[in-house]
Amino acid sequence: MSGVRVLVGTKKGAFILTSDGKRDKWEVSGPLFGGWEVYHVKGSPVDPNRIFASQSTGWFGQLIQRSDDGGTTWQPAGNQFNYDGVPGTHQWYDGTPHPWEFARVWHLEPSLTNPDDVLAGVEDAALFQSTDGGENWRELSGLRTHSTGSSWQPGAGGMCLHTILVSPENPQRIYVAISSAGAFRTDDGGESWRPINHGLHSEGLPDEDAEVGHCVHRIALHPSRPDVLFMQKHWDVMRSDDAGDSWVEVSGNLPSDFGFAIDVHAHEPETIYVVPILSDSQHYPPEGKLRVYRSRQGGNEWEPLTKGLPQSNCYVDVLRDAMAVDSLDSCGVYFGTTGGQVYVSADSGDNWEPIVSDLPAVLSVEVQTLA
Amino acid sequence: MIRVVLPAHLKTLAHVQGEVELEVTGALTQTSVIDALEAKYPVLYGTIRDPATQKRRPFIRFYACEEDLSHEAPDAPLPEAVASRTEPFFVIGAMAGG
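For the record, the sequence lines run as chains A and B.
Just so you know, this note's numbering puts 345 at position 345 of the first sequence, and the rest follows in order with no gaps.
So the number in this note's numbering is just where the residue sits in the second sequence, counting from 1, plus 1000.
Everything labelled a hint here was simulated from the structure, so no lab data went into it.
Built from N, CA and C at the ideal position, the CB exists for glycine as well.
Please note: incorrect hints may appear among the correct ones.
[Said to hold, decoys possible] Calculated cross-link-like contacts (lysine to any residue; reagent style SDA-like; alpha-carbon spacing at most 20 angstroms):
| id | chain 1 | residue 1 | chain 2 | residue 2 |
| --- | --- | --- | --- | --- |
| 1 | B | K1040 | A | Q80 |
| 2 | A | K11 | B | T1012 |
| 3 | A | K12 | A | V28 |
| 4 | A | K11 | B | A1094 |
| 5 | B | K1011 | A | G58 |
| 6 | A | K12 | B | M1095 |
| 7 | B | K1011 | A | P31 |
| 8 | B | K1011 | A | T57 |
| 9 | B | K1040 | A | Q75 |
| 10 | B | K1055 | B | T1029 |
| 11 | B | K1011 | A | G78 |
| 12 | A | K11 | A | G340 |
| 13 | B | K1055 | A | P99 |
| 14 | A | K12 | B | G1093 |
| 15 | B | K1055 | A | T57 |
| 16 | A | K11 | B | M1095 |
[Unchecked claim] Quick list of the computed label-pair ranges, beta carbon to beta carbon:
| id | chain 1 | residue 1 | chain 2 | residue 2 | range |
| --- | --- | --- | --- | --- | --- |
| 17 | B | M1095 | A | D47 | 34 to 44 angstroms |
| 18 | B | A1052 | A | H267 | 42 to 52 angstroms |
| 19 | B | D1075 | A | P223 | 50 to 60 angstroms |
Kindly produce the complete structure, drawing on both the sequences and the hints.
The following block contains the structure:
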């Protein structure tokens, strides 16, 4: 019988939540890597038993863990993330040049075709690639050495490369997003990159529609239409129908267009989800009501989804990598909160229930749909 | 052989309990001890020293013989009591809380 495996990264370890296709009874295992920050855990689409995890702390640095048995056992993989050549500088908060310094891996993106291939998005912003299951890492330095790189500046959370999307139609096409440099695209497998931020407007910038400098929080796509992108920017929900060449705002009737997470329904490419957050200084939902908003028109017209979610006194956040969908016939939608809850809807968002309620702050949620 | 005490998280990573016994060749220094530690337990590579700079991580300290040796030169000789196994070499994770 089909089922799901939900991979949860938290501030104090990782957890694995499993269920059958009904998604009403759950088995919880963890914490894995207890006490460590686990920014991201993601499985290979080719071999679901292969899972990668990013494990780090301010004390002991970065490790990469790999499981080859669906998360039952783990082995440390390689943790040498050396920038290619002399890394140079980017802008610091005060505008002075600051050397590129590796801090941690924010996001791991296993290949769509080869279980040994995986990309890693890191802070300070750069993209690394492994072709041997995470043992060795090589920087795809064309991104960091882009002519605008020296002007990139960190956001409050650090200068992180947090989003990696590989086109299922053309693996040479990769999208990434960096806070707070913006979105970039390569069409040659990572050798050369160009900013794709035309149409973004950010009031915090001296030039509101600058080529780079936008605080992109997350981008999502549907695998059947990899040139249609949906973006949750710091403020504004955006859409591109031309692989990021241009963007239009689709925030529409959202109660707040600030937020972090955004995702696309597994079977309906025009159905998208966001979780509005009040503001950049008030990282909690408007009115203390935890509401997922769904648009079935690819934006602009949004409906609140509230059944089973707290509608009073709720002041948690939902971070950028903390929403995911499964691909069962009735699409499951999942998200985790900084209050340690992981919610599931087994019916595309109509009804929600908590899987767990008291984990450490959730940093990421990914779902594997198992045959 | 010398004795090394690791912080709890590094013991977990290395799958060890109690003190670690290490064979160190050549001069006994912070550098040679950590080199030997990483050679015996590859999972610890990069957890004590930054892989890029080889500098001690900011929240790691080195103690021995009731002294904080963290700011000694990495290649300075360690106390004779460590070499003779009378005292262990401590790798400490800085305390934090709140």
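Against the structure, the hints come out as follows:
1. For the hint pairing K1040(B) with Q80(A), the CA-to-CA distance comes to about 18 angstroms; that is within 20 angstroms, so the pair holds.
2. At roughly 18 angstroms between alpha-carbon atoms, K11(A) and T1012(B) fall within 20 angstroms of each other, so this suggested pair holds.
3. Using a Cα cut-off of 20 angstroms, the hinted pair K12(A) and V28(A) holds, with the two alpha carbons roughly 15 angstroms apart.
4. Distance check on the hinted pair: K11(A) and A1094(B) sit about 18 angstroms apart at the alpha-carbon level, within 20 angstroms; holds.
5. Using a Cα cut-off of 20 angstroms, the hinted pair K1011(B) and G58(A) holds, with the two alpha carbons roughly 17 angstroms apart.
6. Between K12(A) and M1095(B) the CA atoms are separated by roughly 16 angstroms; this keeps the pair inside 20 angstroms, and the hint holds.
7. Taking the CA atoms of K1011(B) and P31(A), the gap is about 17 angstroms. The hint holds against a cut of 20 angstroms.
8. Taking the CA atoms of K1011(B) and T57(A), the gap is about 15 angstroms. The hint holds against a cut of 20 angstroms.
9. Pair hint K1040(B) plus Q75(A) holds up; C-alpha atoms about 16 angstroms apart against a cutoff of 20 angstroms.
10. Pair hint K1055(B) plus T1029(B) holds up; C-alpha atoms about 14 angstroms apart against a cutoff of 20 angstroms.
11. A distance of roughly 19 angstroms separates the Cα atoms of K1011(B) and G78(A); the hinted pair therefore holds under the 20 angstroms criterion.
12. Between the alpha carbons of K11(A) and G340(A) the distance comes to roughly 10 angstroms, so the proposed pair stays at or under 20 angstroms and holds.
13. Distance restraint check for K1055(B) and P99(A): the Cα-Cα separation of roughly 16 angstroms lies within the 20 angstroms cut-off, and the hinted pair is therefore satisfied.
14. The straight-line distance between the Cα atoms of K12(A) and G1093(B) is roughly 16 angstroms, inside the 20 angstroms bound, and the hint therefore holds.
15. A hinted pair counts as satisfied when its Cα atoms are at most 20 angstroms apart, and K1055(B) with T57(A) qualifies at roughly 17 angstroms.
16. Taken as a hint, the K11(A) and M1095(B) pair is honoured in the structure, with Cα atoms around 18 angstroms apart against an allowance of 20 angstroms.
17. In this structure the supplied range 34 to 44 angstroms holds for M1095(B) paired with D47(A), their Cβ-Cβ distance being about 42 angstroms.
18. In this structure the supplied range 42 to 52 angstroms holds for A1052(B) paired with H267(A), their Cβ-Cβ distance being about 45 angstroms.
19. Take D1075(B) and P223(A): their Cβ atoms lie about 54 angstroms apart, and the range 50 to 60 angstroms holds.
Of the hints listed earlier, there is not a single one the structure fails to meet.
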